[in-house]
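Residue-level listing of the chains:
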Amino acid sequence: MPQYFAIIGHKGNPIYEAEFSIQQGNQKNLGFSQELKEMNPFILHASLDIIDDLQWQAVPSNSQYTNDNSSGSGSNFSISSTGGFLRSKNVNNTDNCYLGKVDHFYGLAITAYISYGGMKFVMIHGTSTSGGSNSTNTVVIDDNACRSFYQEIHELYIKTLMNPFYKTGDPISSPVFDSRVRSLARKYLNK
Amino acid sequence: MSRQQSINSNQTGASTITAQSPLNRSLRTTGEEIWKRSERINAELFTLTYGAIVSQLCTDYGRNFVQINEELFQMGYNIGVRLIEDFLARTALPRCSDLQETSEVISKCAFKIFLNISPKVINWSNNKDAFSLLIEDNPLSDFVELPMDAMDQLWYSNVLCGVLKGALEMVQLDCDISFVSDILRGDQQTELRIKLNKILKDEIPIGED
Amino acid sequence: MEQQIIYPSTSDASFKNRSTGYEYTMGPKPSLPDEYMRSPLTSKLYSESLNTKKHEISLSAMTFLFQEMISQIHKNCQSLNDFETKLDKYGESIGMRLSELLNFRSSISPGTSSRTSTFLSSSPVVNTTSTNTNTNTNTSSSMNSQPGNGPNRSRANTGTSSKDTASSVSTKSNRTSTDRHIHHTQSQQAQHTQVESLTSQISKMRRRDLKIIDILQFVHGTLWSYLFNHVSDDLVKSSERNNEYMIIDNQPPLTQFISGSNNRISCDYFICGVIRGFLTNAGFRCKVSPHLMPKDNWDNRTVYLIQFDNQVLERETIRFGQS
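Chains as they are written, first to last, in full-length UniProt numbering: chain A, 1 to 191; chain B, 1 to 209; chain C, 1 to 323.
In case anyone wonders, no lab produced these hints; they're calculated from the structure. These figures come from a predicted structure and were not determined experimentally. Treat the hints with care, since some could be wrong.
[To be verified] Below, a list of computed lysine-lysine pairs in the DSS-like style, where the Cα atoms sit at most 30 Å apart:
no.: 1; chain 1: C; residue 1: 54; chain 2: A; residue 2: 167
no.: 2; chain 1: A; residue 1: 11; chain 2: C; residue 2: 211
no.: 3; chain 1: A; residue 1: 167; chain 2: C; residue 2: 295
no.: 4; chain 1: C; residue 1: 54; chain 2: C; residue 2: 89
no.: 5; chain 1: B; residue 1: 198; chain 2: B; residue 2: 128
no.: 6; chain 1: A; residue 1: 187; chain 2: C; residue 2: 295
no.: 7; chain 1: A; residue 1: 37; chain 2: C; residue 2: 29
Hey, can you work out the whole structure from these sequences and the hints?
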């Protein structure tokens, strides 16, 4: 299934974007449809308000945004350790960088992660069936893989940031960064 | 890691001159003992501070890297002329008899005491008036990746040349000092060249004289 | 957004001809069909571990650099205010980097981190020696050509990097760069297979700090220990104003050799900048100023006064009730 990934800076500006479409065997390109390609940045930006809100929640619970789904899909969107009764017990134990699924748009799922410096890592997960907007297939998010992917990206981002020639908020134009992100996508998201 | 490594390789006699000379062995001991007594600070703070300085210069000088090299050299020179007094006071070393000895003092005492590294001394010229320092694990350049436009022009750690220039000048050694190669530029190693022009006579010596 | 000319940043000139980085004006690029066939691009920056190396340098080296930075800034300034603002900016650029780095490092699980720190502190010499003497079979040929870049990444990562190894081997013959870069790139590839991301040592990320008191504790403890090898001497909340907090250092190390208490206190704007950058980047906008407040035998005792923006207090009240 294809993904659209972006890192969003403090002012809502993208500092990095990429599309991942993994070719499997001799199947045709499984990328987003042209229509969706153009929509992706808008879909992503529409979910930024939700992420802004979650950013400062003691326990970032996305249930208020995802519960309005049709029944049956809820179980697919496992919210990892942030949901359920754990909430009251282990507030200080839960990871609040990875927010899990924060929003959805027809068949697409949107996940997010916030770095310690408030950079937002956001990803739109498309479905494997051409990603058409009328698709009724729901995307299943593998939270563990997704979390690891984000953490690795976070680490790459910090390396970028440590370079004195890089200034926060500048687009990350390094081909090395790009190539690393893509190989991480193949490793964690190629399901 | 490699900051330790360079010391290690010296101990195992990678440099044959070093291993045989009793003077050099004592220089190394001197350097290490003074280092042990020194107040220290996280090298990353140093790295980050230097990074902030260079990146600010790039902004101030509109990415004129030739000018930035000069400015870094000048900053280093200013440091060097003050640093030598601190160095002589702390080591109480006698005047060097020749450039070879000076090279060992620079590597085993000066770099060791201030930056906790001991660059290898390599590539002596035939008439022994020039040598190179092979700087491994340069604490200035951690986390640094040069922008494409700076690759062929900027000597990122040029402040070191200035420091050596200033310090050596204060002990009557007039030298040309510059980088030959830098890992940051994609070279295999970071090499700093020191060439002695002349020994200055007409000034009052500073230090123990 | 402030528009500047963006230069791709890389340490290998061979990328010039096959640059594939993100371009702001072009938008996202799709995956290419043959992407997994290509050799992974690597560089010193991205191959180096973010893990703390616990390297130290002498305080005097840092002081010399700091003083030269001060006089450099001073030379180009019209007023004291201008000087302090500039110095603060230098500090800020460091502080904002540290807010990401130190939090991330704090996420490393205690188990692995103690193992790692033992590894780094007790046997670095042994480790580098073994690498250089070619006991490390799959990378030995190229390790020597890039001293200082690889040694501590050689451990226990076979599982995660085997795929990368395979792909880099399969494409090695396709290279068309110049001689220098062939060599360079190969050694980098070897390193690439050795890169161990810190993520593999993290079971749970440290929580982002959401409350003023939590992040100040982090500044007082972790940031101060990182910068100066000890926690700050005190962390105090102002009894008069709700948005004011104070971090106290009895003997600020960087400025101790600067003569004249007025000069010294101006130079403390560097540390103020670090604190401000750290807090602001983490979402706690504030102003920070230094104040000399000698006490007992501490003539240089400095109070860093932190004044948070109202929006920070408001957010905290809304989210967490009375702060």
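Sort out whether residue 211 of chain C lies within 30 Å of residue 11 of chain A, counting only the CA atoms.
Holds, at roughly 22 Å.
For the pair we were handed, residue 187 of chain A and residue 295 of chain C, check the Cα-Cα distance against 30 Å.
58 Å, violated
For residue 167 of chain A and residue 295 of chain C, compute the direct alpha-carbon distance and say whether it is at most 30 Å.
40 Å, violated
Agreement of residue 54 of chain C and residue 89 of chain C with the hint, judged by alpha carbon distance not exceeding 30 Å:
26 Å, holds
Given the proposed pairing of residue 54 of chain C with residue 167 of chain A, does the C-alpha separation stay at or below 30 Å?
Answer holds: residue 54 of chain C to residue 167 of chain A is near 25 Å, not above 30 Å.
Agreement of residue 37 of chain A and residue 29 of chain C with the hint, judged by alpha carbon distance not exceeding 30 Å
Roughly 10 Å separates the two Cα atoms, so the pair holds.
Given the hinted pair residue 198 of chain B and residue 128 of chain B, is their alpha-carbon gap at most 30 Å?
Distance of about 13 Å is within 30 Å: holds.
The earlier numbered hints that this structure contradicts are 3 and 6.
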